[in-house]
Amino acid sequence: MSTVIPRSDFARDILHVYAVITWASVGIALVVFVALGWILVRFRDRPGAPLPAQTRGHTLLELAWTVAPALVLLVIAIPTIQVIFRTQAVPSPQALEVTVLARQWWWEFRYPALGIGTANELHLPVGRPVVLKLEGPDVIHSFWVPQLGGKRDVVPGRLNRLTFTAETPGEYWGQCAEFCGASHANMGLRVVVDAPEAFARWVSAQRATPAEPAGLAAEGKALYARSACVGCHTIRGVSAGVLGPDLTTFGSRGTLAAGMFPNTVENVAAWLRNPPALKPGVKMPALGLTDAQARALATYLVSLK
Amino acid sequence: MTDQPQAHAEHASIGTYVKVAVILTVVTALEFSVIYIRALTPILVPLLLVLSAGKFALVVLFFMHLRYDSRALTILFAGPLLLASGIAIALMTLTGAFLLFGR
Amino acid sequence: MRAWLTTVDHKRVGILYGVTAFVFLLVGGIEALLIRLQLAGPGQRVVSAETYNALFTMHGTTMVFLAIMPLNAMFFNYMVPLMLGARDVAFPRLNALSYWIFLFGGLFLNASFLVGAPPDVGWFGYANLTTKQFTPGASVDFWLLSLQILGVSSMIAAINFIVTIVNMRAPGMTLMRMPVFVWMTLVVQFLIVLAFPPITVGLIFLMFDRFFGTRFYDVTAGADLHLWQHLFWIFGHPEVYILILPAFGIVSEVLPTFARKPLFGAPVVIYSGVLIGFFGFGVWSHHMFAAGMGPVADAAFSIGTMLIAIPTGVKIFNWLATLWGGTIRTTTALHFAAGLVGLFTIGGLSGVMHASPPVDLQQTDSYFVVAHLHYVLIGGSLFGLFAGAYYWWPKMTGRLLDERLGKVHFWVLAVGFNLAFFPQHYLGAIGMPRRIYTYADGAGWTFWNFVSTVGAFGIALGVLLFMVNAWRSLRAGAPAPADPWDGRTLEWRTSSPPPPHDFDTIPPVLGRDSFWREKYGRGRGAGGAGASGGPSAGAPRVPDDHIHLPAPSSWPLLTAAGLGILAIGALTHLAVVAVGALVTVVCMFKFALEHHRTAAHEHQVGNLGVDHRKVALWVFLGSECFFFGTLIATYLAYKGRSVVGPEPHQILNIPLTTLSTFDLLMSSLLMVLALAAVQRGDRLQARLWLFGTALFGLIFLGFQVYEFTHFVLEGLTLQQNLFGSTFFVLTGFHGGHVTVGVVWLLSLWVLDLRGKLGVADAVKVEVAGLYWHFVDVVWIAIFTLIYLIP
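Residue numbers (my numbering), protein chains in the order written: chain A, 1 to 305; chain B, 306 to 408; chain C, 409 to 1198.
Derived from the structure by calculation, the hints contain no laboratory data. Please note that the accuracy of each hint is not assured.
[Said to hold, decoys possible] With a straight-line Cα cutoff of 30 angstroms, these simulated DSBU-like cross-link-like pairs (lysine-lysine) come out:
1. A:LYS283 - A:LYS305
2. A:LYS133 - C:LYS540
3. C:LYS998 - C:LYS1164
4. C:LYS540 - A:LYS283
5. A:LYS133 - A:LYS305
6. A:LYS283 - A:LYS133
When you get a sec, could you build the whole thing from the sequences and use the hints?
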């Protein structure tokens, strides 16, 4: 999640300004520290030292150290203003639009033009401008994937947006960056930047209805269909709940519970047995499942690719 | 503690106060009438602001005696007044109040 | 013991502030250590998520409001009168009142722990997380009520100090001859007086939303969640200058003393402090660069923020130039002051990085900003406070602190602090967000978090060393002479500690660094710019003055207790609120009348040629401009955004309101007639016009009651929509002000009926009149902006 290893145009623009300011700051800090250190040594009190000259001031010096910092700030201000306007410009019409709904404590992503939706793992095509439209149904959150750019708050009642073009395929981590309650620390997200063909494949997979499962997974599906799960979650062809994340392609995600754990059958089963114990304040309750039931359900969910 | 007499260079007379009160009444009546005059609608907002600023100034300068009191008091009040007004306008701009004002 | 409960002596009030604040510093410190223990490794379970969220909230709130601000207040209280050559502050009992309200506010906030509901929404509590919908328990109520109480304490103290500084200076002490610490104090008090009203309003909105169902932060009703952020940061940014400027003032005293030469460019340091204070009101949204205000707002606030860096940098260079060419005695106080110069440079530079929105979008809400704020608050404020502690300890206690132990304290603290917080810049740069109770092992954050925790314990050790030093000094420290450091300012001219009346005779003021001048004359060296501007030969003649010591009083403590009861009632039962309100009001009356007609209290005119009470009221009116300005701005910001009706044009009755406006205007005329009558001793007319004014005020309130009732019956309630919420709160608070005015005037009227309002009391009527006219003037604004403008 480094802010200094950019993987988008936005992140690179920021890093450029960051570098300018950092070098200027290091320079100024050096001047101050060297001066301070030298002064404290050179003008130390010695026994019998006379009263020093009672210098009151020096107008030219005052001017000098007012103007000099001002000039340094000018050097910082110019790229700052340029980048502000460049990175908040009206997005290109070719941009891929993704609606980001930030909830306590998970992320929903909808692709209106593609007719698909998913949760906690955002897939983006490399090299194509993207517009994230940030909407918040509950409290203020903040969308932050450092390698893809700066953060932007998700403010209920306002339409904020983030625009950038991812430049390198890969997986990037993000995390909510505005305190939003008990599990603010557990609201991570994963961004997968795909080459065009991989992205197209992913989109198709999102659109397809999952195949009929067999074996333990089939047991899991049967259990799912008759449990409270259907009230909150959507699995295409099985249930249509909207209070929790869409699980249609849950198995294709690398993590669960908004980036908390790797997506394995064991971890999913542990989660299903007692979500609040793992994620404080989470709205998903413990459903009183037995270990066997949890395993079956987990197997089913992990099979949903 | 310094022992200096209270600065009273001039003092408003009762007559002055009554005159101010009359002007305040007239201006208030004006403000009330002006909102019903169609022809004035384009300049209504600036007109009302100017009229009420005038009333504000009259009360502060005369009833609150700032015109006759130490300059320091004027600075003590005018500073925060201007700063508060500036911040209020900035706040309204940032929350988009002026975008709706055209209605 | 009883003496401490009723003291009004500024020195004792200062010590009360200091001791209380230090205890809260330790409380906040323990909260910090728990935070660091939890974060020392990934996935720890030292505390639960909920507890952690409460810990960082309380740590921030405690350190800002209960530790740093009152530690600053300790020095304001103790030193400012001495440095001015005064014998106390302008209003000694109000001074004590401020302290007791602070104490009760701090206790109230921490009582939340006892009932298991500590605030857990972050020290700047963003709406709408703080609304009842998302945080239903009492935690936010504790938080907002405490802040309101603490705000009252700060405001009263601020008005007190402003009047003291502008009106109680010794003869010859022009403003430019005042020590820089006093100047920084003056700027801080103005910041407090003007910045607290906006957050008071924001908190009132939150309180009303939570207690009465208004819509200020209700998104479904059309509210804008940026409103809270704006109101908070319009306060919050000046607040950080409130926290740091006193430390800058201390450094500006310590460095010259131990370098044995004057502060370089003292007028420039003063002007830059004033500029920082003033421009500090124009940069608040740099805390909101990620909030989506748009590029124009981002750019504007970015430039403003960068501009503020200039006067700050100027101070650093002036301090370096002060040390240059000096004969530097490296006492502990000097260590801390020099430490501030270095550490604040780092904090200031990381601040400049935050000033650039693109960069800030990576750094804000991450550990980078946590590093920044601790560099300026610990490296800046706390180091400054320790410098002041070592510098002024002899004066305040009559004993010396151990210099060797002091230097160990300094080094342990400096190393611990840098170990704790420098790595946090890096943690932020590699993506660690703030306010997270845990993190994953694979994030790569583990090692530096561990280092940071070690550093935190180093800080704790440093503070402990100070406590040992202090304890040993108080028990058996070497006695301190009046002037242990060969000081430059007036406080060193009296004994250590000073006698109750501070100075046997008011000292002569020969110029800036007056005491140094007395000892050494104008001294060697260049005159240069920024000379004090006074005649060097011959001190002004000091009049023979009679020493009047303010009498102790129990009303400050009791009034504060009333407020405390009120707050408890807000969380328990309406009856308790009523009791608290009753106690507060009764005590206020007792307080106000305690010295009515005491000869020594009649004449309180100062340097400006104006009575202290009149100056105080004008300062208060300045703060009221901010209070009502914020309410009006919110009304106008929300105008037209209600999701449901009724709307203003459907329900406001302009003809009727014009009548009530006329009534209020005429009441002002009656008020000036009343004042004129009192001033010339015409008791009959005084009673007539005083009652008349109050009567017209009651008529205005009658109009308002009618209007409110009519609106409610027409379907416009507080809760109905944004219009209802903003309208009723704005005009309701105005009506509340009118009510207070009516009560005030009727009290004066009753005093007159009893023959206790003479010509000598005219200033009290004048002050009441000023308040009354201002309430009228606010109505003029409301009438136009809310009723008339369509």
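Here is how each hint holds up against the structure:
1. Taking the CA atoms of A:LYS283 and A:LYS305, the gap is about 25 angstroms. The hint holds against a cut of 30 angstroms.
2. A C-alpha spacing of about 27 angstroms is found between A:LYS133 and C:LYS540, which places the hinted pair at or below 30 angstroms, so the restraint holds.
3. Proximity of C:LYS998 to C:LYS1164 is assessed by CA-CA distance (about 15 angstroms); at most 30 angstroms being required, the pair is judged to hold.
4. Among the hinted pairs, C:LYS540 with A:LYS283 is consistent with the structure: their alpha-carbon atoms are about 17 angstroms apart, no more than 30 angstroms.
5. For the given pair, A:LYS133 sits about 26 angstroms from A:LYS305 by alpha-carbon distance, which is consistent with the 30 angstroms threshold.
6. A hinted pair counts as satisfied when its Cα atoms are at most 30 angstroms apart, and A:LYS283 with A:LYS133 qualifies at roughly 25 angstroms.
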